[in-house]
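Protein chains in written order, with the numbering used here: chain U, 237 to 1172; chain Z, 124 to 342.
Watch out, some of these pointers could steer you wrong.
To be verified - Derived DEER-like restraints, expressed as beta-carbon distance ranges:
1. ASN257/Z / GLN946/U: 45 to 51 Å
2. VAL203/Z / SER924/U: 45 to 51 Å
3. LEU757/U / ASN257/Z: 54 to 60 Å
4. SER924/U / MET232/Z: 27 to 33 Å
To be verified - Short, incomplete list of chain Z residues facing chain U, as computed with Cβ under 8 Å:
5. LEU223
6. TYR224
7. GLY225
8. ILE229
9. LEU262
10. THR266
11. ALA293
12. PRO297
13. LEU298
14. GLU301
Simulated from the structure, these hints should not be mistaken for laboratory data. From the three backbone atoms N, C-alpha and C, an ideal C-beta is built for every residue, glycine too.
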Amino acid sequence: MRLGSGAFAACCVVIEVLGVAVFLRGFFPVSVRSAFRVQPLPPAPEPAAGMSSNWTQLPPPRFRKVVIMLVDGLRGDFVFGSKGVQFMPYTTYLVEKGFSHSFIAEAKPPTVTLPRIKALMTGSIPGFIDAVMNFNSPVLLEDNLIGQAKAAGKRVIFYGDDTWIKLFPKHFVEYDGTTSFFVSDFREVDDNITRHLDNVLKREDWDMLILHYLGLDHIGHISGPHSPMVGPKLKEMDYILKKIHISLLSKEREASLPHLLVLCGDHGMSETGGHGASSVEEVSTPLILISSAFQRKSGNFQPPEHVQQTDLAATLAVGLGLPIPKNSVGSLLFPVVEGATMREQLRFLHLNSVQLSRLLQENVPMYEKDPGFQQFKVTEKLHGNWIKLYLEGNNSEVLLNLGRKVLKQYLNALKTMSMSLSKQVGQYDMYSMMIGTVIVLEVLILLLLSTPKALCQKAEFEIPLWSSLFSLLFYLMVLVLSAVHVIVCTSAERSCYFCSVSWLMAVGVMMLISALLCVILCLLANVFENVKLPAKNSAASGSSWSGLDLLILFGTLGHVLSLGASSFIEEEHQTWYFLVNTLCLALGHEICRNHFLGKDFDHNLAVEGDFQKDTKKVLQYRNDSVDVPEYDKVHKMSSLELPEGCEKWLGLATPWLILICCRLLRSFNQTGVQWAHRPDFGHWLTSSDHKAELSVLAFLSLVMIFILVQRRCSPVSKVAMALGLLGVYCYRAAFGNVFLPWQRDNKDISKGIIEARFVYVFVLGILFTGTKDLLKSQFVSADVNIKSRGLWEIHSGLVLLAALLLRPHNLPVLVFSLLIQAVMTKFIWKPLKHDAAQITIMHYWFGQAFFYFQGNSNNIATVDISAGFVGLDHYIEVPAMFLTAFATYVGPILWAIHLLSFLSSENNSRSFCGGEELETEEKTENSVGEWLDKSL
Amino acid sequence: MKDTDIKRLFYAHLFCVFSIILTTFIPSLFLEEFSVLETHLTWLCICSICVTILNVALYLLVKPNPSSKRSSISHKISRVLKSCVYFSISCLLYHAIIVLYGAPLIELMLETFLFAVILSTFTTLPCLCLLGPNIKAWLRVFTKNGATSIWDNSLQITTVSSVIGAWLGAFPIPLDWERPWQVWPISCTLGATCGYVAGLLISPVWIYRNRKQLTYKSR
Ligand SMILES: [Zn+2]
Ligand SMILES: [Zn+2]
Chain U
237 MRLGSGAFAA
247 CCVVIEVLGV
257 AVFLRGFFPV
267 SVRSAFRVQP
277 LPPAPEPAAG
287 MSSNWTQLPP
297 PRFRKVVIML
307 VDGLRGDFVF
317 GSKGVQFMPY
327 TTYLVEKGFS
337 HSFIAEAKPP
347 TVTLPRIKAL
357 MTGSIPGFID
367 AVMNFNSPVL
377 LEDNLIGQAK
387 AAGKRVIFYG
397 DDTWIKLFPK
407 HFVEYDGTTS
417 FFVSDFREVD
427 DNITRHLDNV
437 LKREDWDMLI
447 LHYLGLDHIG
457 HISGPHSPMV
467 GPKLKEMDYI
477 LKKIHISLLS
487 KEREASLPHL
497 LVLCGDHGMS
507 ETGGHGASSV
517 EEVSTPLILI
527 SSAFQRKSGN
537 FQPPEHVQQT
547 DLAATLAVGL
557 GLPIPKNSVG
567 SLLFPVVEGA
577 TMREQLRFLH
587 LNSVQLSRLL
597 QENVPMYEKD
607 PGFQQFKVTE
617 KLHGNWIKLY
627 LEGNNSEVLL
637 NLGRKVLKQY
647 LNALKTMSMS
657 LSKQVGQYDM
667 YSMMIGTVIV
677 LEVLILLLLS
687 TPKALCQKAE
697 FEIPLWSSLF
707 SLLFYLMVLV
717 LSAVHVIVCT
727 SAERSCYFCS
737 VSWLMAVGVM
747 MLISALLCVI
757 LCLLANVFEN
767 VKLPAKNSAA
777 SGSSWSGLDL
787 LILFGTLGHV
797 LSLGASSFIE
807 EEHQTWYFLV
817 NTLCLALGHE
827 ICRNHFLGKD
837 FDHNLAVEGD
847 FQKDTKKVLQ
857 YRNDSVDVPE
867 YDKVHKMSSL
877 ELPEGCEKWL
887 GLATPWLILI
897 CCRLLRSFNQ
907 TGVQWAHRPD
917 FGHWLTSSDH
927 KAELSVLAFL
937 SLVMIFILVQ
947 RRCSPVSKVA
957 MALGLLGVYC
967 YRAAFGNVFL
977 PWQRDNKDIS
987 KGIIEARFVY
997 VFVLGILFTG
1007 TKDLLKSQFV
1017 SADVNIKSRG
1027 LWEIHSGLVL
1037 LAALLLRPHN
1047 LPVLVFSLLI
1057 QAVMTKFIWK
1067 PLKHDAAQIT
1077 IMHYWFGQAF
1087 FYFQGNSNNI
1097 ATVDISAGFV
1107 GLDHYIEVPA
1117 MFLTAFATYV
1127 GPILWAIHLL
1137 SFLSSENNSR
1147 SFCGGEELET
1157 EEKTENSVGE
1167 WLDKSL
Chain Z
124 MKDTDIKRLF
134 YAHLFCVFSI
144 ILTTFIPSLF
154 LEEFSVLETH
164 LTWLCICSIC
174 VTILNVALYL
184 LVKPNPSSKR
194 SSISHKISRV
204 LKSCVYFSIS
214 CLLYHAIIVL
224 YGAPLIELML
234 ETFLFAVILS
244 TFTTLPCLCL
254 LGPNIKAWLR
264 VFTKNGATSI
274 WDNSLQITTV
284 SSVIGAWLGA
294 FPIPLDWERP
304 WQVWPISCTL
314 GATCGYVAGL
324 LISPVWIYRN
334 RKQLTYKSR
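Using the sequences provided together with the hints, build the complete structure.
Shown next as C-alpha cells:
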C-alpha cells in the first residue's frame, strides 16, 4: 500500500494517541467504590452475643454546630512550624494549651483542590483522573457528608471557592462562591468570604458552616511559600479563627451540645509554591479540631500525630450523628470521641469498622484473608460479649478492662483495613498499560524506520500492509494474543479496563498490534536486504560518521533509554544539561580544528586516508570545494563590520560563552526532585528584599531582548516591539513585581489588566504582519526573503508574548535563549555548514534544555498557572489554557520557530526543509505525548 | 620494528594497569582506615602521583619518539617547566569544564579540583610526555587520521576512553540508590580510571589487529 507522507503521519498520530489513551487509562488508578445503591442501608446494630441489643438507631450527634474553615494551600509548617508561632499566635495558643486536637493530615496525591475536597467530604481517595477534571468539576454523585447532612435535615451554609457549588449544587441553604481561577488576586477572594461572617455568626439558623479561603494558595502560586505576603495572610486567617472561636464559645449554653471548629488545609505547597505532586511539603496539611468538649490536656505539648486526610469525613459523620459515607476509607479520629461513655465509643468504632469491612468485601476479592478483616470479626465477637455483660448490669473492673481491650483491637483493625483499602487505589492496571506501551512503541519504531524515506524527495511510503496481513505470522500473532487476552481476563483478580471493553474491540486491537508488528518486521527485512547489497561500502560509510553525528545519535538514544528509570525521569533536566554541554564541547572541538588546521587539511587527510571512498563522498567533497569561494563571499558580506581575526576568535569563544550561559541558567532555577531545595538565583530575586535588583535585571533583560530581536525586523515591528516591551515592564510594575521610577505611591496595586492588554495588541500586530508576509511569499511571490522575514516576525511576536507571560526573574532565561540562538547561527551553524538533520536535533536539544531552564520539571506542580490569567479579569477557559500551555513550553516553541526561520533563511535545499518541518511537527507531538505520560 | 614497538607498548601499558590496581590496596598497609571509597581523596592523590611517576619513568626508559637533534640542558629545563605550566593549565581548564557541567562552584571545591587533576593525569600528562608542550602537535594527533605512530594511536585511545569514562561516570549521580559511590565525584573518578585502564588494555590489542591498515607517513 502506498501512502503520502501526510497521510502516513496522520495515521501514525492517530494510532499513537490511541496507544497513549489506553496506557493512561491503565495508569490512572481506579478509585475504590462501593456499588451504587439507591436506598441507604440501615445502620448496623450493636453486636450482642446471644441476645439482641436494643440500640439499633444511629448514635446521637456529639456536636451541635460545626464550622469547617478550609484554608487552601495551608501547609503543615505554616501552623506547627516557626511561621505559625510568629503569625498565628491564637491558633498556636489553642494547640499548645489544650482545647483542641491537632494532627498533620496527609493528603494523597494528586494534591489538587478538587480531589482534595472530594477526599475531605467523601473520605474516599479520588483517582488521578480528578486532577484533569479540576477545571470542570461535575456534580458529586458519590455518598458524601454534605449529602448526608442535607438528608438529615441539617442546614449547611457555604462561602468560598465556587468549586464546592459545582460539586454540591443544591445542598447549601445559603452560599456565595468566588472563582478560584483568578490566581493573581489575594485579597478580594478572602474578603468576599469574611464579609458574611459577622452576620452568619450572629444567627442560629444553621448547623454547618463551611468556609474555603483561597488567598494563601494564590500567594503561593504567585510568589512561593516564603513570600512576604504569606505572613500577613496567615495573621488574617488567625484573626478569623479567633473571631469564629470566640463567637462559638459565647453561643454555647449549659444544656446544649458543644460546638466544633475545624481548621484544615486541602493540600500544602511545594518550595516553589505549586502543588499537585507528592513531596512532603505538598501532602502535609494541618488538621485542628477545636471544641470545648475536649478535655484539656495536661502535661507538655506533643508534636501533632500523623493521620490521613480521609479520616476527617468519618470523624465528622460520627460527630454530627450521620452515617459514615459509604466509600470512605478513613478511620475515626479517636481522640474526638474520647469524652463519650465506653458503650458509645465502642458503638462508634463498630459503625466505622462495619462500613470499612463492607467496602473491603466489595473491592478486594480475597477479603477474608485480609488481616484487618479477620481482626474485625474477632473484635466484633468480643464486643458482643462486652455488650452482654453490660446489659446484664455487670459494672465491675473486669468490664472496664475488657472494654479497653476491645477498643484497642478495634483501633488496630480500623487502621489495617484502612491501609489495605488505600493500597488498592495505588495499583495500576498493568495489562492495559502494557497494551498501550506496545502500541506506542510499535508506532515509534515504524516512524523511525520510515524517517529516511521521509527525507527523500518523493515523500511516499511503501507500506507492506497487504502482504503482511496475509502472512502466517499475522494469524499466529492474533491467535496467541487472543488466547493471552482470554487467560488474563478470566484469571484477573482485579478488573482490568481492557477486559471490560467489548470482545469485538479487543480483537480489533489485537489485530492492530499484530499487523503493526508484521509491517515492522517486513520493513526491517527490506532494510537489511538494502544494507546487504552495498555491503562492500559499509566499512567506508562507517568512517564517514563524524564525532558530532555519533554524539547526536547516542545522545538521543541514551536519553530515550534513560527514561526507563524513574530517577532519570525525575531528573530529566540533568540529562539534557549534560547533553547540551557535551554538544557545546564537541562543537568547540570542531571549531578549533576548523580554525587552527583549516578545512583543506582535514579534507586532504580524509581523502588520502582511505582510497576506497565511495564516489558519493568524493562528489560531496568536490561540491564542498566548489562552494568555498561562494561561501567566502557570503561570509564576508555578512561580516563587513568585523575584521577576520576578530571573527575567528569570537568563533572560538562561542562554545565557551554558551557553556557559561548554560551554567548560569542552571543556577537560575533548580528543578527536579533531589536538588530542588538548593538555593537558586530565582528565589533570591523573588524575595521582597531584592526587588530593586529584580527591577534592574528585568529592565536590562527587556533592553537586551529588544536588541537581539530587532535586527531582522521591519521598522514597523521594531516600533511595536519596543512599545510592547515597555508595556511588559509597566505590567510588571503595575503588578508590584518591579519598581517604576515615576511611581511614587504604590498604594493601589492593580492587576495590570490594561497594560497586559496593551501588550497583547502589539503581539497580535507583530504576529499578523509575520503571517501576512508568510502568506505573501506562499501565494503572491515566491520570494525567500519575505518568507524568512515573516517567520522571524512570528518568532519575535512570540518572544514578546513570552516576555509578558514569564515571571520577571525568568526574563534573563529568555535573553540567554535569544543570545544563544543568535551566536550559534552566526558563528557555528553558518560557518561550519551543518546539515539540516544535525541542526534540527541541536535545536531540539536546546529547546528541551530551555524547558527545564525555565524552572519546569516533569512534575505537574511546576506548571505556572498564573500565566493563564495575564490580562484577563475573570476565568475564561480557552485563553487561560492556551496561555498556560504557551508559558510552560516557551523554550521548545521558541527553538522550534527559530529552527523554521533558520532553515528557511538558509534555504539550501527546499525539499529537505519540507521533510524537516514534518519531522519537527511529529517530534513536538511525540514529545508532548511523552511529557504527558511522564508527568502524570 | 613494528611488532617490537607493539610489544613494548603492551608491556608499558600492562605495567601502568598493575600499578593502578596496586594503588587500591597497597596504601592500606601504611595508612590506617584506607579504602578507595571512604578516603577517596587520598586515593586520588596517590593514584595520580603514581601514574605521573610511572608515565615519566616509562617515557625516559622507552623513549618512543627519539628526538633527532640533541638539545641543550637549558632547552630541556624550559621544556620541563613549560610542561608543568601546561599541566596546571589543563587542571584548571578541566576544573572549569567540570564546573560548567554543573558541579557546585564553591562547596566541594577540593573534590572537584582533584577530579580535574586525575583527569589531567590520565589525558594531558601522556600527551606532554609523548608530544611535548606543543599544541600544534596535540591538535594534529587528535584530528582524524592525524596519528603518525602507534604511540599516537594509543594516546588517542587512552585519552578518549578516559574522558568518555568520566563522562559516563556522571550518569549514576541522579539515581536515587543512595550508594556510597554515588557521592560526588567518586563515580566520575572511578569512571575515568576504568576508562583509562580500558584504554590501556584496548589500545595494544586494537593496534595489533589493525596493524595492516595503519600506514604512517613521516612528517
Ligand atoms: Zn487547593
Ligand atoms: Zn492552588
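Against which earlier hints does the structure fall short, listed by number upward?
2, 8 and 14
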